[in-house]
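Please model the complete structure; the sequences and the hints are all you need to start from.
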Amino acid sequence: MKAGSEARAVILALSDPFRLALVTRLALGPASAAELAADLDVPVEQVRYQLKRLRAAGIVTIHGEREHRGAVERTFVADGRKLVFRGEELAGLPERELRGHDTELLRIFFREVVEAARTGSLFDEDEHFLVRMPLLLDAQGFREVGERFEAALDRLLEVRTQCLARLEEAGEKPRSATSAFFFFEIPK
Amino acid sequence: MVENPKRLPREKLAILGNDIRLGIITSLLLGPASVAELAAELEVPVAKVRYHLNRMRDVNLVELYGETSRRGVTENLFTVDPRKNLMEPDEMEGLPRHRFDRPYTRLLKQMFREVAEAVEARNFRSRPEHTGVRLPLPLDERGWRESAAIYRQLIDEVLTVREASLNRLEASGETPIKALGMILSFERAADGSG
Numbered sequence: 001m002k003a004g005s006e007a008r009a010v011i012l013a014l015s016d017p018f019r020l021a022l023v024t025r026l027a028l029g030p031a032s033a034a035e036l037a038a039d040l041d042v043p044v045e046q047v048r049y050q051l052k053r054l055r056a057a058g059i060v061t062i063h064g065e066r067e068h069r070g071a072v073e074r075t076f077v078a079d080g081r082k083l084v085f086r087g088e089e090l091a092g093l094p095e096r097e098l099r100g101h102d103t104e105l106l107r108i109f110f111r112e113v114v115e116a117a118r119t120g121s122l123f124d125e126d127e128h129f130l131v132r133m134p135l136l137l138d139a140q141g142f143r144e145v146g147e148r149f150e151a152a153l154d155r156l157l158e159v160r161t162q163c164l165a166r167l168e169e170a171g172e173k174p175r176s177a178t179s180a181f182f183f184f185e186i187p188k
Numbered sequence: 001m002v003e004n005p006k007r008l009p010r011e012k013l014a015i016l017g018n019d020i021r022l023g024i025i026t027s028l029l030l031g032p033a034s035v036a037e038l039a040a041e042l043e044v045p046v047a048k049v050r051y052h053l054n055r056m057r058d059v060n061l062v063e064l065y066g067e068t069s070r071r072g073v074t075e076n077l078f079t080v081d082p083r084k085n086l087m088e089p090d091e092m093e094g095l096p097r098h099r100f101d102r103p104y105t106r107l108l109k110q111m112f113r114e115v116a117e118a119v120e121a122r123n124f125r126s127r128p129e130h131t132g133v134r135l136p137l138p139l140d141e142r143g144w145r146e147s148a149a150i151y152r153q154l155i156d157e158v159l160t161v162r163e164a165s166l167n168r169l170e171a172s173g174e175t176p177i178k179a180l181g182m183i184l185s186f187e188r189a190a191d192g193s194g
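Going down the list, the protein sequences come from chains G and V. Taking my numbering, the leading residue of the first sequence gets 1, the next gets one more, and so forth. Taking my numbering, the leading residue of the second sequence gets 1, the next gets one more, and so forth.
Hints are computed from structural coordinates only; laboratory data are not their basis. These figures come from a predicted structure and were not determined experimentally. For every residue, glycine included, the Cβ atom is placed at its ideal position computed from N, Cα and C. Treat the hints loosely; a few may be bogus.
Simulated DEER-style distance windows between Cβ atoms [unchecked claim]:
{"#": "1", "chain 1": "V", "residue 1": "163", "chain 2": "G", "residue 2": "79", "range": "34 to 40 Å"}
{"#": "2", "chain 1": "V", "residue 1": "41", "chain 2": "G", "residue 2": "81", "range": "38 to 44 Å"}
{"#": "3", "chain 1": "V", "residue 1": "36", "chain 2": "G", "residue 2": "120", "range": "30 to 36 Å"}
{"#": "4", "chain 1": "V", "residue 1": "94", "chain 2": "G", "residue 2": "69", "range": "48 to 54 Å"}
{"#": "5", "chain 1": "V", "residue 1": "172", "chain 2": "G", "residue 2": "96", "range": "36 to 42 Å"}
{"#": "6", "chain 1": "V", "residue 1": "153", "chain 2": "G", "residue 2": "70", "range": "47 to 53 Å"}
{"#": "7", "chain 1": "G", "residue 1": "119", "chain 2": "V", "residue 2": "19", "range": "24 to 30 Å"}
{"#": "8", "chain 1": "G", "residue 1": "118", "chain 2": "V", "residue 2": "120", "range": "49 to 55 Å"}
{"#": "9", "chain 1": "G", "residue 1": "147", "chain 2": "V", "residue 2": "36", "range": "33 to 39 Å"}
{"#": "10", "chain 1": "V", "residue 1": "54", "chain 2": "G", "residue 2": "96", "range": "46 to 52 Å"}
{"#": "11", "chain 1": "V", "residue 1": "116", "chain 2": "G", "residue 2": "140", "range": "26 to 32 Å"}
So this is what it looks like as structure tokens:
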């Protein structure tokens, strides 16, 4: 749970396509600035500059240090919980900032889906989900569905944490997923 | 009841491949309706609605809900059981890829359109319960299984809340809220670092 001002800093930090790409990469596992620069095909200075900003917002933290070609290199990781907002955290934040964030998030998500569809990984596996549920609800039902989504999200974040720990211990590479939950009132 | 085991999955996919069918199912999931009401809502001829409805009734995707009397004419009302509409992985087995590639792509487009419209209308902010989350997940094999179990449980819970809600709405006459719940999860493209 983030305080209002903290939520705002996170929203602003994530409203930029490059920073969002950095955070996405770091949400999938630790990496150094040099690795990020190579992955995203940008100068390392640019990565360092934006990492500072993301660290200031509390989204990215230092994961550890390691030796690389005789130099000590820091690795960074993104906090998955920071990518999840509760409705009440966003109350009172400026409309323009929220819109910038929502638009950027939808754009990256759309790109990920299109990319997965193009390479064929979208519909391949039994564990893949594509579920659309039109729902007629009363006010109580609406609250309850929101709660169920939130609880599922908490469980998912728990699975994520455990996976990261197991993967690190085993030195394995993850088979990464993109997951998305949407629950909203249909515009009238 | 269903003589050809392949027919049900095909009819389910046909819902996604056809705007009229998707419209019928969406509308019936939001409440029982008659053929005439569906035709008016979707702005298509009654005969077309009846044709698609009958094909879906053949495989029990659409069911009779009851009767209503309007202007002295008795009309059938239809409904849909959302649990029967879910496409299970084992149903897709053996179906050629092109059978589900296109329908699923259409469904995705539809979902994107709906989410984008809701963002545009600021609906994600109108109630605190609204959810809009996209999460990159590093998973091992166990993580994939566990996350799939979470989604299945969530679907089941949401549909259970929906049923209780429908029962209460029938008794209370409260103005219902039309909502959409969506779950997407897929493996990221190999080079998909963002």
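> Which hint numbers doesn't this structure obey?
Replying inline: 3 and 8
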